[in-house]
Every structure is written in C-alpha cells, then in structure tokens.
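Enquirer: Following the hints, position chain B against chain A.
Top to bottom, those sequences are chains A and B.
Residue numbering for the first sequence is 1 to 169, as defined by my numbering.
Residue numbering for the second sequence is 1 to 54, as defined by my numbering.
Think of the hints as simulated: they come from the structure by calculation, not from any bench.
It cannot be assumed that every hint is accurate.
Once the Cα atoms are required to be at most 25 angstroms apart in a straight line, the calculated DSS-like pairs of lysine-lysine come out as [what the hints assert, rightly or not]: (1) B:K3 <-> A:K130; (2) B:K14 <-> A:K130; (3) A:K3 <-> A:K73; (4) A:K18 <-> A:K68; (5) B:K3 <-> B:K14; (6) A:K67 <-> A:K18; (7) B:K14 <-> A:K3; (8) A:K18 <-> A:K3; (9) A:K130 <-> A:K164; (10) A:K3 <-> A:K68; (11) A:K164 <-> A:K143; (12) B:K3 <-> A:K143.
Among the chain B residues that face chain A by a calculated CB cut under 8 angstroms, a handful are [unchecked claim]: (13) F26; (14) V32; (15) E34.
Heads up, the beta-carbon is just placed ideally off N, CA and C, and yes, glycines get one too.
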Amino acid sequence: MFKTFQVINELVNEGIIKAYAVGGAIAAINYVQPFTTEDVDVFISVAVDSAASGLVTLTPLYEHLQKKGYYPKNAYVEIEGWDVQFLPVFNPLIEEAVINASEVDVNGVPVRVMTAEHLVAIMLEVGRPKDFARVRMFLEQGKVNEIILRNLIDRFRLEEAWRKYRLSL
Amino acid sequence: MRKYPDVSDLFKAKNEQRLVYANRSFAEKLQVVERLRDTTRMWQNNTGKMTYKK
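Excised from the complex, chain A in its bound form (with noise of 0.2 angstroms):
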C-alpha cells in the first residue's frame, strides 16, 4: 500500500491538491488491531475554483490521475490496487483533522493519518453502528487522550451523537 501512499504525495507536490489526510478505516488501523476493509478514504484540501462558480471541482485531480494511468472506478480510484475515495473537505471538524494530521511512516514513505481523537470524534458523527463499534475499540484499547477528545466533543457539538454513543453500549 505504500505505493499508493507515494502517489498520494506526489499530488500534494505537484500543487494539485493543497494537503490530504487519510480518513476511515485505514487511519483507525494506524491506532488499533488491524480489521478488513476495501478502500482508502483521502480527506482532501483542494482551491475552489472562486473566480467561477465558487465550487470545489475535483476534475483536474481525476484528469491528473488519469494523465497517470490511475482510472475512476464507481466512487473510487484504482490506485496501485487500492480503491481509493479522495472526500473534499466538507465541514470544520473535517477540516481541522486535515490540517492537525500527523506524519506516520509506511516503510519509508510518509503519510499524514489524522489524530486518534479526530477520528472518534468524526465516527460520532457519522454515527453508524460500525463506527459506534470502532469508537469503542478505541477507547478500550486505550488510544484516545480524554481531554482532547472532550475538547473536541464541547467545540463541534457532539454531546448528543456521544449520548447515543453511550446508549448504544
């Protein structure tokens, strides 16, 4: 997977996306017991075309990747046999977990994962049952700093999903 990391890099040197983290169940791997998945969620920051319509186009990047011999499949993009999403940035708490990623080796090659606690506070969020599962394997595994994790539940309002959270136990 570290070639799909590299080309992932090579995007952010080539100027055509800003700064990326890696989302979802890959980056909660970084931090717990390794589980199944099919894909590769790339958080990423990208220049709104503001001079047109205001709206983030992820075209140059599918054309640029394209340019590359790297295809668009459904939803993805075939990436040195990985299926990988790249998501815009689409709300603060997105975007401060873009912007406070850390830097983790992958046999050379480094790649921006974003925080344990970004990443539980993101699974409250969304709110699905495997992300109410993951959450869970965080705290048990004790991965999660508390404070900073309560920081972020007060500043981006997740009381309630972190309700239904602890209801769901």
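Expert: For chain B alone, kept in the frame of chain A given last:
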C-alpha cells in the same frame, strides 16, 4: 444449577492479544489488511485462487 467453566482467562488473553496487534507498526498492520482483503476477494470470487474481482 449447571456449572459452567470459567472462561474469563480466555477473554483476558484475547484482549491482551488484540492489544499486541494494535501496538504493531502501521506498516505491519497494513500488510495484515492487504492479506485480509486478498482472502476476502478470493472467497468472493469463489475460485479458490487469489484472483481479483474486477
């Protein structure tokens, strides 16, 4: 009342094993993920061989 064996040690051991896996490096864990994915695809294809679903 029927007596059941105490399996708390087994669960404790399983939890400890999970932590051992959790504390491995990201690179090592990603290798495990790749193997899990390949095995899943093998069974999805129902071929008995490591062939990829397209």
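Enquirer: Have a go at the V32 of chain B hint: is there a Cβ in chain A nearer than 8 angstroms to its own Cβ?
Expert: Because about 4 angstroms separates V32 of chain B from the closest Cβ in chain A, which is inside the 8 angstroms limit, the hint holds.
Enquirer: Do the numbers back the hint for E34 of chain B, that is, is its least Cβ distance to chain A under 8 angstroms?
Expert: Since the shortest Cβ distance to chain A is 6 angstroms, the answer is holds.
Enquirer: Check the hint pairing K18 of chain A with K68 of chain A against an upper bound of 25 angstroms on the C-alpha distance.
Expert: holds, 19 angstroms
Enquirer: So if I understand the rule, the pair passes when the alpha-carbon distance is 25 angstroms or less; does K164 of chain A with K143 of chain A pass?
Expert: Between K164 of chain A and K143 of chain A the Cα gap is close to 21 angstroms, so the pair holds against 25 angstroms.
Enquirer: Verify the proposed pairing of K3 of chain B with K14 of chain B, using a straight-line Cα cut of 25 angstroms.
Expert: Holds. K3 of chain B to K14 of chain B sits at ~23 angstroms (cutoff 25 angstroms).
Enquirer: Does the structure keep K18 of chain A and K3 of chain A at a Cα separation of 25 angstroms or less?
Expert: Holds: K18 of chain A and K3 of chain A sit about 20 angstroms apart, inside 25 angstroms.
Enquirer: Hinted pair, alpha-carbon criterion (25 angstroms max): K3 of chain B, K143 of chain A. Please report holds or violated.
Expert: violated, 37 angstroms
Enquirer: For the pair we were handed, K3 of chain A and K68 of chain A, check the Cα-Cα distance against 25 angstroms.
Expert: holds, 13 angstroms
Enquirer: Are the Cα atoms of K67 of chain A and K18 of chain A separated by 25 angstroms or less?
Expert: holds, 19 angstroms
Enquirer: Tell me if the straight-line CA distance from K14 of chain B to K130 of chain A falls inside 25 angstroms.
Expert: holds, 21 angstroms
Enquirer: Are the Cα positions of K3 of chain A and K73 of chain A separated by 25 angstroms at most?
Expert: holds, 19 angstroms
Enquirer: Does K130 of chain A pair with K164 of chain A here, judged by a C-alpha cut-off of 25 angstroms?
Expert: holds, 13 angstroms
In the structure shown, a violation is registered for the earlier hints numbered 1, 7, 12, in ascending order.
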